[in-house]
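2 protein chains.
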Amino acid sequence: MSLIVQKYGGTSVGSTERIRRVAERVIATQRAGHRVAAVVSAMSGVTDTLLGMARELSPRPTERELDVLLATGEQTTIALLAMAINAAGARAVSFTGAQAGIVTDGTHTRARIANIDPAEMQARLDDGEIVIVAGFQGRTMAGQVTTLGRGGSDLTAIALAAALKADQCQIFTDVDGVYTCDPRIVPDARKLDELAYEEMLELASSGAKVMQSRSVEFANKFGVPFEVRSSFNDNPGTHVIAEHMSMENVVVRGLSVEKNQAKVTITAVPDRPGTAASVFNALSSAAVVVDVIVQNVAHVTGATDISFTLNKDDLDAARAALEPVAREIGAKGVEAKSGVAKLSVVGIGMRSHSGVAAKLFASLAAAGVNIQMISTSEIKVAVIIEEADITRAARAVHADFGLANGPLLA
Amino acid sequence: MSLIVQKYGGTSVGSTERIRRVAERVIATQRAGHRVAAVVSAMSGVTDTLLGMARELSPRPTERELDVLLATGEQTTIALLAMAINAAGARAVSFTGAQAGIVTDGTHTRARIANIDPAEMQARLDDGEIVIVAGFQGRTMAGQVTTLGRGGSDLTAIALAAALKADQCQIFTDVDGVYTCDPRIVPDARKLDELAYEEMLELASSGAKVMQSRSVEFANKFGVPFEVRSSFNDNPGTHVIAEHMSMENVVVRGLSVEKNQAKVTITAVPDRPGTAASVFNALSSAAVVVDVIVQNVAHVTGATDISFTLNKDDLDAARAALEPVAREIGAKGVEAKSGVAKLSVVGIGMRSHSGVAAKLFASLAAAGVNIQMISTSEIKVAVIIEEADITRAARAVHADFGLANGPLLA
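Keeping their order, the protein sequence lines are chains X and F.
Per the working numbering, residue 67 is the first one in the first sequence, and the count goes up by one each step.
Per the working numbering, residue 67 is the first one in the second sequence, and the count goes up by one each step.
Calculated from the structure, these hints are not laboratory results.
Just the calculated beta-carbon pair ranges, DEER-fashion:
1) D240/F with V356/X: 49 to 55 Å
2) A208/F with S351/X: 44 to 50 Å
3) T115/F with N181/X: 32 to 38 Å
4) A185/F with K325/X: 52 to 58 Å
Chain X is nowhere near these chain F residues, computed Cβ spacing over 12 Å in every case:
5) N181
6) A255
7) M311
8) P339
9) A343
10) V360
11) S373
12) R385
13) A387
14) E401
15) A402
Computed from a predicted structure; not experimentally measured.
Virtual Cβ for every residue (Gly too), placed ideally from N, Cα, C.
Could you build the full structure based on these sequences and the hints that come with them?
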């Protein structure tokens, strides 16, 4: 009998009525002949309420105690879901992260999973029970409560699927799956039937926020295929799987759009070892997360420009951190600009097919969109453009790569 | 350095502002030179909200899952209180019931404490930290979450005080202490400085609901003295302690009043072995809790009347359970009446001084109050009277025993 791990996010369990619907779906899965383990998040809004109380009591709440506090959110959901399933005539048993044997390191608020001991869950599943597991949380070897940070419930589900050697892992969310582009921007965006982990990673890190990169990386590392699908309907979702041969034929899988970006250029940086390190150490110390970094070859003057992008909310912090560094390394100055956006084209087939970048640039040129920065990886080409141009650019590129009609084959 | 266990109930931690005030009190206790362990309840209202959600999902929620659900209430409070203390410059660390080593049996929703391993808490206290413990909860040997039932946080505090060999145990609540009578009924009721466990037990089981009997019994069994006091002011409270010699001189410590009672009489019960057992087995099976039971000697007819009191809300259930039994044992019938109340006079000194009952009856007669039933224990005389008479009766008895002016000495 096959084993399915299902994960339901905060919106899917956002009220008792929704929890009841999740209970029905879980039971239907069991009645279809599967063993089921369901991972759940805190009911939507609960985590924010708890964080609000914490902030009323402390400007910088103790991280250990934040974990104790936030872990109550998922603990509430597991108990309610187990009750709802029991009330509907099936048998369920809840597990907190600690009870599920999810052992983490001791980094409070962003712990890493070290090990999962699935023995107790396995025994309950073998006994015909539905197992309900609190996402986002674990415990240290010493019994401290820990949480896994953003996207933690997805991570729990993927890790559980690996530990239980599940046949399927289904991530239920409030969208139908992964699309060729955000349908709010490109109305004829198409839901993908499947894509490779690497493609999902590039899309996730490029702004398609269906899942955090971290969970996808974990799934990739441990070879756990999963399906992203909606908890509000029965439509099939998108399968995220290991790369296979025929994927090479798909040159472009999809595009992603990230708004609210800013770009910073440090001009005329003297071309000597250690200057880039000084720059990015300063940003890291100021907790500024940097996205794309571009540095071109030095001018004949022996100086170069270093540019990078970041979220526009971090722009002031970045500028404050950089100005002393720019003086110190003898750069000419710091130029900063918000109001830019990133457009990325992703596909495994790019690796073996040239011409994607050229085609992208031609498409943007035809749409009258100026490119400010370019960055590429093996399976991605990203450009930074004016934020005002992003919708026009995305629609043009989506159309020119024929993404609405099915995968573009080489 | 002395060790104080403090317990704060749901009202005392009912908002972030109140949690902040509890934090201040705990820190002040530490700065006065004590080691402090604080036991806290769920914020007032939280448990009801959780139970409300449970009932929306299930007419009879699974007890195991109810415990998982309800335990989140205290877990939230410990984290918030620890954060508030840390924010105010002291050092605190929270413990769930499980982390505090509170091991119980497996009776979900009303578990009994089997053992407490205080090693980890002791280590933190020795290290100068304030220890914050979730009341009301524990875990089984197998790691299941359990709760202790009504009054469970008081029980946690008393048990912790025993396990940690605390010098003091302070139960903070929303009243100033234990009074000679309920001040809402007898305006000149006086706060008691001290009373014996047995007196507290008789008062608690007679309606003075400052604490559940169970916690007092536990304190008595393990010899843990405690103080009941208010979390809203700095007034000294009432010390509940082991009986000592001079207590014998206090004939009457206080009186308690219990309204909303009903009385049931099974008339002309044939005087033969087993009839009383049949009656009370039937009530027990119907989950009816019986208070005072009175049976007088048999008439010359060979029959007797058995009377008992109960909460008036249970009256219909009791009548339904009794009617078949009355027929079976050959009794004449079942008479039931609500609208009665119980007045109890309690004092250890009664044991060695006669005349308390006579004085009580005389006081009631002078006030024109008719006595319907009488029941006595070693340190208590209780009468059942019309509920309409209870305020007049309590004031007359309180005055005649001189309770407003200080203990009545023999």
